[in-house]
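When the letters of the sequence shown are read in order and numbered with numbering that gives the first Met the number 0, they come out as residues 0 to 79.
Treat the hints as calculated values from the structure; they're not laboratory data. Some clues are possibly wrong.
Heads up, simulated DSSO-like pairs for lysine-lysine below, C-alpha to C-alpha not over 27 angstroms straight-line [stated by the list, open to error]:
hint, residue 1, residue 2
1, K73, K57
2, K26, K57
3, K49, K26
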Amino acid sequence: MSDGKPAPDQRYQELQRLGEQERLTAKELHDLREAIARLVKELLPHHAPKNRINDVVKASGYSRPLIEALRGGKDIWTHP
């Protein structure tokens with residue numbers, strides 16, 4: 000097996016697979032965050048009552064400061 004070529008190393012294939020998986024996951028996360036930001040803006044227009052913010056915080060599981068930032072158009076996930 001010594002024809003001058005290195006033996007195939009399966010770790011390169013695994014690294015390639017993991018890299019592709021990470022890029023796909025990052026794209027999915029980006030898309031999810033855009034959808035969450037869009038829904039927050041739809042649910043909480045500027046004239047929405049304060050108690051509605053609490054409902055969105057509770058439903059989303061995110062912090063109030065994050066929800067308020069998204070509501071105000073500061074999409075810190077997709078537009079830092």
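We went through each hint and held it up to the structure:
1. K73 to K57: Roughly 20 angstroms separates the two Cα atoms, so the pair holds.
2. K26 to K57: Cα-Cα ~26 angstroms, so holds.
3. K49 to K26: Distance of about 33 angstroms is beyond 27 angstroms: violated.
This entry does not satisfy hint 3, going by the numbered hints stated previously; all others are met.
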